[in-house]
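Visitor: Here the protein sequences line up with chains A and B, keeping their order.
Heads up: the first sequence begins at 1 in this note's numbering, then just goes up one per residue.
Heads up: the second sequence begins at 1 in this note's numbering, then just goes up one per residue.
The hints are simulated quantities; they were obtained by calculation from the structure and are not laboratory data.
To give an idea of the interface, some chain A residues facing chain B are shown, with a C-beta separation under 10 Å as derived from the structure: (1) Y191; (2) L219; (3) F227; (4) V228; (5) K242.
Don't be surprised by glycine CBs; every beta carbon is placed ideally from N, CA and C.
Now for the letters of each chain:
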Amino acid sequence: MLEDPVLLSRWLTFITLGFHIIMATIGVGIPIFISIAELIGIKKKDHHYILLAKRWTRGYTILVAVGVVTGTIIGFQLSLLWPSFMQSAGHVISLPLFMETFAFFFEAIFLGIYLYTWDRFKNPIFHWMLSIPIVIGSSASAFFITTVNAFMNTPRGFDLENGAFTNVQPFVAMFNPAMPSKVSHVLTTAYLTGAFILAAIAAFHLLRGKTHIYYKKALHLAMIGCFVFSVATIVNGDISGKFLAYYQPEKLAAAEWHFETTDRAKLLLGGILNEDEQEVKFGIEIPYALSILAFNRPSAEVIGLNDFPQDLWPPLYIHYFFNLMIMIGMFLAAVSFIYLVFYYFNRFNSLNPWLLRAILLGGPMAILSIEFGWILTEVGRQPWILRGYLKVAETATTSGHVFEMLILFSLLYLALGILLPVILIRLFTKKSVESEIDKHHIIL
Amino acid sequence: MINDFIILILPILVVFISLAVFFIWVFKSKEPYSNSSKNTNVKGDT
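Here chain A stands alone, though its shape is the one from the complex (with noise of 0.2 Å):
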């Protein structure tokens, strides 16, 4: 096992992705949150907001500087760990790989001069147009390595001649059949995740007895977008789940243990597979589900697992995958729909400590949520690493020494993913929101 270097190079590459998605995430998530406050600040002449856009910039500039390290290891391991594969397509997704870096270069200089801005412009809204490239670039450099990921799902934009790729058709290749699904889902998603971080931030606070009007701002203005958002990834959701029925059905087969071609197919939570007799036991079959997920038809045929050779099969565990996602992200729709409705409703507590509660576990869900998304969409591909054309098998690294680099960089996250939480929380209490408040000689 610690010789094959196919084995090797998906757990590095998975180590490191599966570190990288959660800066990556957040950092997508929160510029929006930072531009609005800022915004809203400025509009209502209300500091608090200002201060919440202050601080939320602070944090999100140590995630920045994370995601720096672990995106430029991402790179490299591309080529070194994946060679066959960029040697192979590399060329056809350049234009993707190459704009999704300029846009990281567009949002870190824009961050670098916001950052270094504050109360430098007689008028503050000069300060706040200066978070709209921040915007555009953390979320354009999600769009454009989005575009790469769908790429591999359903590769389009050349040809293949003598086991080479030819004329390459470099935005035919960006603009394929997964991109839309796969970016709206990865950036509401993200944005999902960025108000949910900082709902649980503003619920901690509040539940340790901080009861100060900044922290109900800060719960409120988030939670508004944990509901919106997650109301638009459950639409985007289903969205992927048609994708899958058309263009990648083995993925949705699998993920579903959906093995005879029917209609009128069901859709199946939890259980316990047994592969050889293709039978479940313990599942909660939903009648019509699958075929209504699938087609937005009760009666639409679903394609079976059986209708493909077993040797392209997707690993049959991303059903739980696929099922824990789907919990989550309810459980993420519920906990800021019943916000939204004690709120306005003022019968109920909005700031229940058990509500409350719910809200700082729906951070870290939120992010587990995302990993396990991302799990589903890469096992989800197995056995290709482009789909239809090249395996995963064929195009890893041949070299002896990927486990030196798996040792290695596993050593590094492990110091990032402690000395991260620890740089934060120094930073936060170091400053807190009480100290800034009265500097800003706002009344209490």
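Once you have looked at the hints, place chain B on chain A.
Guide: Below, chain B alone, put in the same frame as chain A:
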């Protein structure tokens, strides 16, 4: 019933519509927890 619009166009619209709804909602909503009649006691139950 499924067509290219749902798979290729609608997802992008969902992103822009959700962003627009979020911005409008946040700007149109009153100052949160400013109303004294609203129960804002963290330790209080419903």
